[in-house]
Amino acid sequence: MKRVYLGEFEEIVLLIVATLEGTAYGVNITHEIMEQTDRTTRLNQVHASLQRLEEKGMIVSRMSEPTAERGGRRKRLFTITAFGKQTLRDIKAVRSHLWSLLPSSV
Amino acid sequence: MMNTNKPVPPRWAKRLLQWYCAPHLLEEVEGDLQEEFDYQLQYAGLRQARLDYIRSVFGFIKPFAIKRKSSSTSNPLFSMNMIKHFLTVAIRNLGRHKSFSFINIAGLALGMTCCIFILLWIRDEKSMDNFHANGDRLFNLYQTIRANGEVTGSYTIPIQYNNNKYYTPLDSMKEVIPDVIALNFYATGYEKPWGRPENFQVDDKLYKSEGSRTSADFFSTFNYKVLAGDPKTALKDIGSIAISRKMAAFFFNTPQNAIGKSIRYENKLDLVVTAVFENVSAQSSLKFDFLLNWDLQMSAKLEWSSSNVLTTIKLAEKANVEEVTIKINRLLQSRIDKTKPFKTEIGLQPFRDQYLIAHFENGKPSGGRIEYIRIFSGVAVFILVIACINFMNLSTARSVKRAKEVGVRKVVGSSRSSLIAQFFGESLMLSLLALLLAIGMVTLLLTPFNTLTGKQVVSPFLNLSNWPVLIALMLITGLVAGSYPALFLSSLKPAGILKGVMRFTQSALWFRKGLAGFQFVISITLLIVTIVMSQQTSYVQNTSLGYDRENLIYVPIEGELSNPKGYASLKQQLTGQPGIAMVDRCGETPFAMNFVVDVAADGNVETQDASAAINWEGKEKDAASGFTPMSVGIDFIKLMDLKLAEGRDFSSSIPTDTSDAFIVNEEAVKQMGMKDPIGRWVSAWKKKGHIIGILKNYHTHSFHESIKPLMIDVKEFEYWGMVLVRTEPGKTKEALASMEKVYKSVNPKFPFAYKFLDQEYEKMYQNEQVITKLSNIFALIAILISCLGLLGLVMFSAEQRTKEFGIRKVLGASVANIMGLLSKEFLALVLVSFCVAAPVAGYMMSQWLQSFAFKIDLSWWIFALAGAGAAFIALITICFQAIQSAIANPVKSLKVE
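In the order they appear, the protein sequences are chains W and P.
Quick note: the first sequence, position 5, residue 5 per this note's numbering, numbers continuous.
The number in this note's numbering is simply the position in the second sequence, starting from 1, with 106 added.
Don't take every hint at face value.
Label-pair restraints from in silico Cβ distances [to be verified]:
{"#": "1", "chain 1": "P", "residue 1": "Arg-117", "chain 2": "W", "residue 2": "Glu-55", "range": "54 to 62 Å"}
{"#": "2", "chain 1": "P", "residue 1": "Arg-117", "chain 2": "W", "residue 2": "Ser-96", "range": "48 to 56 Å"}
{"#": "3", "chain 1": "P", "residue 1": "Pro-116", "chain 2": "W", "residue 2": "Val-94", "range": "40 to 48 Å"}
{"#": "4", "chain 1": "W", "residue 1": "Glu-55", "chain 2": "P", "residue 2": "Trp-118", "range": "25 to 33 Å"}
{"#": "5", "chain 1": "P", "residue 1": "Ser-589", "chain 2": "W", "residue 2": "Phe-83", "range": "46 to 54 Å"}
{"#": "6", "chain 1": "W", "residue 1": "Ser-96", "chain 2": "P", "residue 2": "Gly-151", "range": "43 to 51 Å"}
{"#": "7", "chain 1": "W", "residue 1": "Lys-85", "chain 2": "P", "residue 2": "Arg-117", "range": "36 to 44 Å"}
Just so you know, these hints were derived from the structure itself, not from any lab.
Treat the numbers as computed from the prediction; the structure is a model and nothing was measured.
All C-beta atoms in this analysis are idealised placements derived from N, C-alpha and C, irrespective of residue type, glycine included.
Between the sequences and the hints, there should be enough to build the whole structure, so can you do that?
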């Protein structure tokens, strides 16, 4: 099977979506990334990544109930798919394998 | 719960986001940004929050956020289901209003048929002389002569006569100017005034045909296909002749068989066939059945048919036209006699333009058939436009019925664009049907069209390369015709329609009236044009020419008739034969005396000898120009039935009449400025004599030209010209039979070829006759289509006012009242159209009439007739609908709510 290419930022977004277990949406993903990885990011970047991940079939989305704090607007909630999970595992396996080959001096 | 004083993100940024963001993403993005804004507001303050919001809005301007989601449900324009549905609706609509649909399609089809025919005609005209491979490097020489402050232009070039040979000053052009790679002279043998079909003989087979003389470069300059023989050397030898496939087939069966064979020409020269060429196509303006060597002409072994010599050069690939023109003029000036009182200049015109632009104005080619092309292109566009307008008016008239459909569609959720697409689709479908109908009509009418225009146009539908034009025609018609109904109907407000109130704004009504008015402007213009053209044509045909052109037959003087003995024998034997009243000769065809001598100055051969020019008693230098001298037999004036204003006719009982008498016409007297002209001397061609009579002016030329000063003297015999035979009325058959018998015995080597003078006279106006017939047809069609449009408008108006009429009738209005009500406003429309059309048409027609020296007046009744005609036709159309509305039962119209 042809491997799906996943960018570094996309990988982080995918991991965060998995972490947030079905409650992930634009704003909390952005905040989570800033908190956990100590890097600055913007909503539009996150949205673009989410869009691509959904196109690649690694996450799925549904609309939530309308919420008051958003002026009655709905959120789009993202959940990781089995394919997304498998991709994450594959990436991790490759990394661990490469780490194991590394000489101890590094 | 919401705090109304809570700070909000910048409104313009939010608007921007709402504008560009795809609808399916907008909700979540807007929500996320709002949430983030609130978060920032809490932790970083208002300023930072706002800045951050703006940055994010701009950050979202990316393809993923802008791109609209495409799916079959949100875009009905391309859905198969909807297309099928639209088609069904369209067909049902067509079927429900059969007469309406028929009027609609028929109108469009008529317009298209006209358009296709005009396109065919224009294409055929434009293809004239356009088949030569190096067409863009072929140029005709024309000369501009300035004399006595007058500038004249013609295609011919100066010719000199010396030692029994003719020369042109440009003979050495190829050697002197390297850019000229081919030089070709061309003169016909059949042009007026002296030309005629020439005669050929092989063994005992006789053949009469029209041909030309031309240079050896002919086949390398032009692309006429040579079937047999070498095109390069074909016309090099003075005794050579190139013949057409037709002529080869007549004499020798096959083209190959003809090469090297000998043909006897005019019973005096033996020529050898060196080439056989394909019959000259209709696309060539040079017409010839055979070609003779140019040197044969220039060595004075052949007669000149006229002073016209067409000179064509082929330039080298990179040659500059202006430079070549300058060089040619330099060459010309070095070779001609500069003491002449006139100046000659040579200009170049692209060869392919000579058919369309053959008139000269101010010494330069300008105008000609190209004007008809321009006019008819306009007519084609206008007819198509009025057909489209028609369609618009009819479809909007029906809109009351379609409006409910539009309302329901809109309520159910149809977007405006899909409605527009639906109506455009419908109009395209109708225009496709109209195109099919038009194709059928064109195919049926092609033969009559060819007869009418004298062309050989083949069906354009067999050639695939024509289809894009037809499809473009269909698309343009469909889109133009469909534009107004599509935009109008789709703009209706559903609430209003479904409530049953159909209100049209005043401007919409005016727009439609304007369209119908425009149709009538065009129709009335065409009507006036038609009336003027027909009047002028019938004026030309019915005005007395000053002589009796009926019952006149003429035969060219050739062969044995070119001998005094032969001619005398023919004349003597013919006189007294059954059916023949009188026989005599004359030098030129009496209705086209194209041979004109300028007294003062002329570039022609004939006046090189100063003593040969026209002269008269008391003549001042440079006094007048354009005399027509002619020698005739002694009975000519009686035979032609010409009227004398003063003096007496030639008489055979007075012996001096053949040597010393001249008869001139009134115009000549005027130009010579003579008082008391009888008895004064005049001279022409070294012959001096006294004026014995003055002829009333009669038409020596076509009505395009004014009457020329004429000088007639008696020469009982010349070796050229024609025998005129006056037959007794109603005895043409007997006359022809006896003529043939006599002719065969006198001139056995030449076929008997006769012409009726009145028929030949009519042929001079062939062009005008074709144009008149075409404009008749187009005017008829334009009126027809406009009336269909008017009918649509009246129907619409009647439908709108059904209730009003119902109430009026209940309250006691008569049928006439209601008809008057409906007719009044439309007749006003016709009146306004007339006021616009009359000056336009009047101006156009006065321009057209300029080309005639003898013309009708543009009198008021022509305009009145056109206006009354249009009003009358409009009234009939209106009544057709008005009667229906007026006699309708008011109970029915008032019952429906």
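Going through the hints against the structure:
The hinted range of 54 to 62 Å is not satisfied by P/Arg-117 and W/Glu-55, whose Cβ atoms lie roughly 33 Å apart. For P/Arg-117 and W/Ser-96, the Cβ-Cβ distance of about 52 Å falls inside the hinted range of 48 to 56 Å, so the restraint holds. For P/Pro-116 and W/Val-94, the hinted distance range of 40 to 48 Å is satisfied, since their beta carbons lie about 46 Å from each other. For W/Glu-55 and P/Trp-118, the hinted distance range of 25 to 33 Å is satisfied, since their beta carbons lie about 32 Å from each other.
Range check, P/Ser-589 to W/Phe-83: Cβ separation about 52 Å, and the 46 to 54 Å hint holds. The beta-carbon spacing between W/Ser-96 and P/Gly-151, approximately 45 Å, falls within the hinted interval of 43 to 51 Å. The hinted range of 36 to 44 Å is satisfied by W/Lys-85 and P/Arg-117, whose Cβ atoms lie roughly 43 Å apart.
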